[in-house]
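Peer 1: Chains as they are written, first to last, in the working numbering: chain A, 4 to 210; chain B, 26 to 136.
In case anyone wonders, no lab produced these hints; they're calculated from the structure. Predicted model only: the values in this text are computed from it and were never measured. Heads up, the beta-carbon is just placed ideally off N, CA and C, and yes, glycines get one too. Be careful, since some hints might not be right.
[Stated by the list, open to error] Cβ pair distances, simulated, as ranges:
| # | chain 1 | residue 1 | chain 2 | residue 2 | range |
| --- | --- | --- | --- | --- | --- |
| 1 | B | 123 | A | 124 | 32 to 42 Å |
| 2 | B | 95 | A | 177 | 19 to 29 Å |
| 3 | B | 123 | A | 120 | 36 to 46 Å |
| 4 | A | 169 | B | 67 | 41 to 51 Å |
| 5 | A | 74 | B | 43 | 26 to 36 Å |
| 6 | A | 124 | B | 120 | 30 to 40 Å |
| 7 | B | 67 | A | 172 | 50 to 60 Å |
| 8 | A | 123 | B | 99 | 34 to 44 Å |
| 9 | A | 169 | B | 95 | 23 to 33 Å |
| 10 | A | 10 | B | 95 | 44 to 54 Å |
| 11 | A | 65 | B | 98 | 48 to 58 Å |
| 12 | A | 48 | B | 53 | 28 to 38 Å |
| 13 | B | 123 | A | 100 | 45 to 55 Å |
So you can see what is in the structure, the chains are spelled out below.
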Amino acid sequence: MSTELSAPPADYTGYVEKEQHHDYGGDTVFGFWIYVLSDVILFATLFAVFAVLGGNYAGTPELKDLVELDYVLKGTALLLFSSFTFGIAILEANKGNIKGLFSWLGATWVLGAGFLAMEINEFIHFTEAGAAAWSSGAWSAFYALTGTHGLHVLAGLIWLIVLVFLIQKEGLTENNKVRLMCLSLFWHFLDIIWVCVFSVVYLMGVL
Amino acid sequence: MASTEKHHGGAAHGSLKEYTIGLLLCIVLTAFSFGIVMTEAVSGTTAVIVILITAVAQIMVQLVFFLHMNTSSDQIWNNTSAVFVVVLVAILIVGSIWIMAHLNHNMMMGH
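Could you build all of it, start to finish, from the sequences and the hints given here?
Peer 2: Have a look at this one:
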């Protein structure tokens, strides 16, 4: 009888059915991870610039004469604890507890803003002491590196406010959970970059 | 609870215990790093090496305890891309320092 293949059903498209149940959230978070890694390369170039120019003071005050390590340690602690509080916020989000989520995100925001305020205060102090971004190659490299990190923290703080408004408006929808995961990746990444900054710029600069 | 342990590909979730251990390890490593510099316990090249090793250790701690990186198969592309970036970063930084040091050396005319 018929050894030919039967005609495909009318709605046959040739696509495998399974592929249509795509893990949209996972793909978005993975895409954001790729962005974070590209940001790592951006910071690597700034670290390379600092490694090459970091000693070219050209008569301007040196980092080891201006920096107060107690002060840097306090800022470092603020950022580290904010990374921890964001983790707890994610746990609250997983429980579906929006109130707990908002309190821990609030704590994260205050700690992050505290870090940024301390950094800006330090920049003003350095600039007044004759170490401005335009003073020498070493100081240009310093402000480019620490300033770029500071701008990232500022972006994270703004994103945090926007996300809280979104969650307040729409609730903990799938989309908002994915956004929260992306911001948490971003926030932890900022702390990892800061570990490199305080080790290479401040601690090794004081030696 | 099983119902809250919903996994997205590329995004694992942690636990309170995990975050607390991560925080404590980070505090110890940060205090150690600042401590050896502030007390001037070690100096010179030794200090640089100790600071760098402590920094790498803290980065690993944060990657594992805060970002929940692990060797499970659903994270294979996260890890692959991360390793690729580590290689790029090494070429960028080591290469820049190497080239510029040689350039400095060659520019010293008459020496």
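Peer 1: Go through the numbered hints given earlier and state which of them the structure violates, listing their numbers in rising order.
Peer 2: Hints that this structure does not satisfy do not exist here, as all of them hold.
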